[in-house]
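For the protein sequence lines, the chains are A, B, C and D, in the order given. First residue of the first sequence? That's 1 in our numbering, and the numbers climb one at a time after it. First residue of the second sequence? That's 1 in our numbering, and the numbers climb one at a time after it. First residue of the third sequence? That's 1 in our numbering, and the numbers climb one at a time after it. First residue of the fourth sequence? That's 1 in our numbering, and the numbers climb one at a time after it.
Worth flagging that the hints you see were computed from the coordinates, not collected in a lab. Hints should not be assumed to be uniformly reliable.
[Stated by the list, open to error] DSS-like, lysine-lysine: derived pairs with alpha carbons at most 27 Å apart: (1) B:K115 x A:K310; (2) D:K115 x C:K310; (3) A:K310 x B:K113; (4) B:K310 x A:K113; (5) A:K113 x A:K216; (6) C:K115 x D:K310; (7) A:K220 x C:K216; (8) B:K220 x D:K310; (9) D:K216 x B:K216; (10) B:K161 x D:K115; (11) A:K115 x A:K182; (12) C:K220 x A:K216; (13) D:K216 x B:K220.
Bear in mind that the values here come from a model prediction, so they are computed numbers and not experimental data.
Protein chains: 4
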Amino acid sequence: MYSFLNDYSEGAHPRVLAMMNEYNLEQNRGYGQDIHCERAKEYIKNLIHRDDVDIHFIPGGTQANMISISAFLRPHQCVISADTGHIYVHETGAIEATGHKVFPVASEDGKLKAKDVINVLDLHGNDEHMVQPKMVYISNSTELGTIYTKDELESLYNVCKENGLILFLDGARLGSALMSSKNDLSMEDLPNLCDAFYIGGTKNGALLGEALVIVKEELKEDFRYLIKQKGAMLAKGFIMGIQFEALFKDKLYFELAKHANQMSKKIADVLEVEGYELLQEACSNQLFLKLSNRILKEMDKEFLYVVNGKVDEEYTSIRLVTSWATTEESVNALVNFFKRAKSLL
Amino acid sequence: MYSFLNDYSEGAHPRVLAMMNEYNLEQNRGYGQDIHCERAKEYIKNLIHRDDVDIHFIPGGTQANMISISAFLRPHQCVISADTGHIYVHETGAIEATGHKVFPVASEDGKLKAKDVINVLDLHGNDEHMVQPKMVYISNSTELGTIYTKDELESLYNVCKENGLILFLDGARLGSALMSSKNDLSMEDLPNLCDAFYIGGTKNGALLGEALVIVKEELKEDFRYLIKQKGAMLAKGFIMGIQFEALFKDKLYFELAKHANQMSKKIADVLEVEGYELLQEACSNQLFLKLSNRILKEMDKEFLYVVNGKVDEEYTSIRLVTSWATTEESVNALVNFFKRAKSLL
Amino acid sequence: MYSFLNDYSEGAHPRVLAMMNEYNLEQNRGYGQDIHCERAKEYIKNLIHRDDVDIHFIPGGTQANMISISAFLRPHQCVISADTGHIYVHETGAIEATGHKVFPVASEDGKLKAKDVINVLDLHGNDEHMVQPKMVYISNSTELGTIYTKDELESLYNVCKENGLILFLDGARLGSALMSSKNDLSMEDLPNLCDAFYIGGTKNGALLGEALVIVKEELKEDFRYLIKQKGAMLAKGFIMGIQFEALFKDKLYFELAKHANQMSKKIADVLEVEGYELLQEACSNQLFLKLSNRILKEMDKEFLYVVNGKVDEEYTSIRLVTSWATTEESVNALVNFFKRAKSLL
Amino acid sequence: MYSFLNDYSEGAHPRVLAMMNEYNLEQNRGYGQDIHCERAKEYIKNLIHRDDVDIHFIPGGTQANMISISAFLRPHQCVISADTGHIYVHETGAIEATGHKVFPVASEDGKLKAKDVINVLDLHGNDEHMVQPKMVYISNSTELGTIYTKDELESLYNVCKENGLILFLDGARLGSALMSSKNDLSMEDLPNLCDAFYIGGTKNGALLGEALVIVKEELKEDFRYLIKQKGAMLAKGFIMGIQFEALFKDKLYFELAKHANQMSKKIADVLEVEGYELLQEACSNQLFLKLSNRILKEMDKEFLYVVNGKVDEEYTSIRLVTSWATTEESVNALVNFFKRAKSLL
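Assemble the whole structure, with the sequences as input and the hints as a guide.
Rendered as structure tokens:
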């Protein structure tokens with residue numbers, strides 16, 4: 001079977017694993033205070049052209065979200081999210097478990113717009129009987145595979161700054177967003193366009209690890225206490241340092257994301273040519289499409305994918321994901337299938 | 001000025017206050033373990049024809065909601081609410097502050113339907129990446145002044161029971177619901193149609209206090225610990241006991257609610273006759289209507305009310321509330337105003 | 001039976017209740033934004049000679065503690081308390097339920113000393129694997145009936161200021177502390193010697209209510225949101241305003257506390273003369289003493305009190321409490337009993 | 001420098017890493033639902049002779065503690081711990097952050113005794129103004145390097161069962177405890193002597209991972225929801241499965257712990273012979289000793305260790321830790337140092 005289930009089915013990229021092997025018996029300080037974490041932070045700081053940020057390596061995305069949000073907000077404050085946002089839908093209430101409401105905004109494409117934020121602020125006013133919106137959560141690429149343009153991000157950040165809101169960017173799939181052919185954002189833009197963001201390792205070549213970058217000065221204080229309190233301070237934190245060192249030493253991170261996107265684009269191009277219906281614009285390593293159940297029945301014989309939901313009696317919405325580990329061979333097999341299956345559309 | 005702002009502008013009904021005066025220097029046990037609380041509980045048990053329920057007096061509605069919900073749920077479970085629900089909108093995130101998501105369902109009339117609950121269950125399935133729906137929160141009368149019919153409540157409770165969900169009824173304005181001319185529910189129906197509910201005192205003649213009735217056996221254990229932990233166990237708990245004794249000794253509670261509804265009905269009848277637009281069915285002591293800004297400008301000279309929001313450039317949505325303390329005189333003044341103002345519609 | 005159980009067995013002092021009667025049918029704004037709350041705040045501000053503080057009326061002491069502590073601390077910070085402190089022992093984990101550790105310090109007399117705080121700071125250092133001490137909680141009078149001298153409070157506050165800690169004073173029994181014959185603190189000292197404190201009404205003549213005074217500027221922001229979120233914003237907040245108006249309009253508050261102390265002193269004097277063993281210095285309206293079980297057997301026939309614990313096979317530790325409502329008659333009865341019972345010592 | 005700082009300075013044991021390399025490009029299901037997790041669970045079930053337990057792999061010890069405790073308790077319940085316990089001292093308030101008090105009991109040797117638990121129960125009674133003790137937390141080996149005998153554990157568990165308490169065993173260093181020459185507990189005893197426990201991987205050869213074993217039926221329900229909510233469900237959960245597979249396939253886990261203990265014993269034997277003062281019995285891979293500052297000054301030239309605290313002006317308490325990675329060479333160097341340094345005692 002060829003798998004298009006997700007971007008975390010394999011272990012680490014071989015070059016990442018090679019570095020873990022290389023340093024395996026070296027003695028390192030615990031809790032992320034080692035030389036590899038330091039080096040990885042330097043690589044990232046150079047990439048974003050900012051030396052004044054704090055960087056922390058966090059094992060997973062849900063942890064990065066819940067630690068940041070609970071660290072940055074006071075108890076009566078909420079975070080605004082698209083109703084497709086990972087924190088609203090797929091973290092088993094992790095944010096609420098830290099005491100904060102996630103205020104959802106309906107979104108067709110997985111993105112929040114500046115206007116959405118203004119509407120939420122208008123709705124809440126300064127009414128002390130309601131939660132106080134204080135943070136905006138976005139993901140790039142989004143849970144629907146779409147990406148933010150520089151313009152969109154600027155508008156959003158301007159609204160946040162004008163209203164004293166914190167803008168937080170979940171970059172679990174940041175590599176894929178930045179390597180999109182439709183992207184006009186660069187790594188060095190990010191610290192100028194949000195208050196904190198993270199660079200996802202788990203879904204782009206690492207075994208685990210997200211590099212959280214805190215830009216805004218007021219958000220930095222005592223952050224390591226919060227990492228520890230939420231159980232995210234690995235004793236062997238250096239295993240995240242080594243992996244990010246491998247990923248950013250020579251831009252492996254971007255190569256991997258680029259490959260994933262190319263594999264996805266190859267599929268998307270055929271889908272478009274052949275007349276299949278994409279439910280979201282094809283930008284990154286996730287494709288959402290509507291397929292007839294007859295096609296899916298055939299597809300199930302060779303391919304793995306995620307079913308998102310029933311569209312109607314005859315059609316189903318599915319997700320296909322590519323990764324650094326997706327082979328040309330599997331993409332060719334899928335592409336050929338879609339060509340053949342066209343007749344069943 | 002005549003006030004139609006809310007149903008908690010005055011102190012206690014004179015007969016309630018009289019009883020507080022009567023027992024003022026009597027010595028009572030603390031923390032709600034006194035003879036007045038006992039008597040009040042007996043009156044209520046008789047009314048609902050159930051001796052096997054636990055009753056607790058809680059100072060306020062937000063407390064009754066947050067204590068019950070956090071006592072009844074495990075950490076990964078959420079409560080379903082209409083998106084107009086008090087817990088979703090007007091408790092400054094009190095429920096989330098106890099760690100639980102409030103899952104909102106869009107509602108035009110403030111009510112949840114059986115079908116809504118099924119949809120939420122279908123959406124969540126048994127996906128451990130999502131919160132687990134375990135409780136349904138409704139209010140009667142609702143935040144929009146509407147009420148549940150016996151049929152509606154039965155359908156809802158059936159769905160809950162079939163799916164292992166707890167049904168919780170916020171009765172901050174239960175008196176007004178039960179005394180509605182459109183109501184077909186009785187006090188004794190309630191313990192058969194939900195797992196826990198409360199009988200609101202604050203908005204119907206008491207200085208403070210809600211009588212929480214826990215019907216379902218599994219929800220009763222150690223509940224007083226939770227009351228204490230959330231700061232709701234008054235040292236002088238007997239002041240709530242005395243007030244509920246006064247309210248239920250001879251059905252004063254229902255008289256007061258009936259009066260509030262009659263005052264409201266008088267207004268609603270005129271509004272309908274004169275062609276004003278009611279935004280919700282007029283059932284209880286709250287009326288929601290759409291008025292032109294020209295009318296409101298006149299109305300502001302004599303009357304107090306709550307603005308709910310702008311409908312468009314010319315129209316505004318407002319709320320009028322009556323209570324046990326609303327006088328015929330003030331209602332006549334308002335009714336006359338509406339008659340006069342018709343020309344400005 | 002004569003009761004020395006506690007200081008909250010009766011309703012309100014008659015002059016307090018009279019004012020509640022007087023204003024009962026007056027219409028007031030909800031949620032503590034009424035004229036009575038305003039007036040009561042003015043009286044208090046005048047008393048403490050400070051116009052720049054924020055004052056909030058909170059229904060109970062546990063609420064005042066949990067709202068303040070959770071509002072003032074970030075998630076990784078803890079509050080230091082004597083191991084006899086109300087928040088450590090008698091609030092069913094209310095503080096921990098808001099996410100914060102209460103760090104206990106062993107105390108013989110219920111008081112925290114400057115040196116205790118330094119020890120806790122030394123123990124924690126800046127170790128991010130431990131909670132960060134950020135607040136000191138004291139009560140005056142304490143849970144053991146003792147009181148702080150001005151010197152002691154100054155030393156404690158100096159240590160707090162030097163180390164960036166917040167000093168919070170639980171004044172559930174502040175009246176009794178300030179009216180103690182051994183007291184050298186005044187109301188106007190308080191805002192200069194701590195960052196926030198409250199003036200307890202429940203145990204000194206009110207039905208319910210504590211007046212929380214926030215002195216430190218940084219602690220004031222958005223405090224009403226927190227009151228609401230924790231369920232402590234009474235719809236009819238004016239009932240607390242009226243009561244504090246009554247208590248502070250003409251110093252009734254201090255008269256009541258003085259009476260309670262006098263009743264207690266009368267008992268303590270006899271106990272000392274007759275050779276009974278007091279377990280704590282007699283300062284305020286609470287007395288802790290060690291009595292033989294033979295004496296208690298006799299005492300049980302006429303008097304109610306709280307047993308604190310077994311000292312050994314023959315002796316028991318008990319608490320006696322007086323209040324504004326304690327009569328000379330009951331004190332005389334008790335004093336006579338102790339004189340008679342001396343032979344059973 | 002020779003390091004005796006901790007047991008997590010190196011990466012994984014080479015045989016563990018070899019297996020990670022072997023399976024690196026294999027495609028696996030996410031979130032711990034893969035074949036390696038299954039196999040590792042089977043190995044563990046065979047070892048403990050129990051097929052009816054639930055096993056979950058959790059990245060770290062703080063997470064295992066906080067997820068279990070918050071999953072097993074209701075909001076008003078507390079967990080009892082030695083005052084040296086990891087959850088009380090070194091988790092930055094992680095347990096309190098989930099809402100639960102950790103009730104500390106003074107302990108000289110890091111262990112809790114049956115009598116301690118009874119005392120805590122007596123102290124709390126059924127007083128709803130206090131937290132309700134419901135769980136006992138112990139660690140084996142303890143934070144002071146001591147271990148529980150079978151007798152001690154049986155007594156503790158009996159008290160727990162008689163009083164409806166849950167017994168939870170933190171086994172971050174379980175390997176070292178079970179391989180101690182003074183140990184009389186076996187893996188198969190564990191499920192009979194506690195309700196849940198974990199087998200620590202991080203400190204015994206793995207990069208990360210603790211295998212949590214839930215024995216008691218009532219504690220199993222929906223546990224994966226809690227893992228997800230607290231951010232501990234790794235997308236690539238199979239990396240823990242592979243490591244535990246490597247550790248338990250052929251008892252590597254016990255070999256590694258045995259080595260660590262042997263290295264420690266070699267040091268302890270010399271310390272005893274030469275007359276050094278051990279502060280705790282030498283049982284496992286941690287040694288606590290008192291050294292003069294003159295000796296430490298010399299020791300600092302060659303060896304790394306953790307300072308626990310000042311004993312007095314002349315003496316300091318330190319901790320030495322050995323691990324699977326500790327070499328004979330480094331132990332010989334340390335032993336020789338202690339022989340030489342004797343003159344400075």
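A:K310 and B:K113 were given as a pair; does the straight-line alpha-carbon distance stay at or below 27 Å? Within the cut-off at roughly 23 Å; holds.
Within 27 Å, alpha carbon to alpha carbon, are A:K220 and C:K216? holds (23 Å)
Given the hint that B:K220 pairs with D:K310, does the C-alpha gap stay at or below 27 Å? violated (51 Å)
Restraint check for B:K310 with A:K113, where alpha carbons must lie at most 27 Å apart: Holds - the C-alpha atoms of A:K113 and B:K310 are around 22 Å apart, at most 27 Å.
Take a quick look at whether B:K161 and D:K115 sit within 27 Å of each other, Cα to Cα. violated (44 Å)
Pairwise hint evaluation, B:K216 against D:K216, where the allowed Cα distance is 27 Å at most: Roughly 25 Å separates the two Cα atoms, so the pair holds.
Between A:K115 and A:K182, is the straight-line Cα distance small enough, at 27 Å or below? Within the cut-off at roughly 23 Å; holds.
Holds or violated: B:K115 with A:K310, Cα cutoff 27 Å? holds (18 Å)
Assess, step by step, whether the Cα of D:K115 is no farther than 27 Å from the Cα of C:K310, and give holds or violated. holds (18 Å)
Within 27 Å, alpha carbon to alpha carbon, are D:K216 and B:K220? Distance of about 23 Å is within 27 Å: holds.
CA of C:K115 to CA of D:K310, is that 27 Å or under? At roughly 18 Å apart (the allowed maximum being 27 Å), D:K310 and C:K115 satisfy the hint.
Would the hint linking C:K220 and A:K216 be met if the CA-CA limit is 27 Å? Holds, at roughly 23 Å.
Violation of the numbered hints given earlier is confined to hints 8, 10; the remaining hints are satisfied by the structure.
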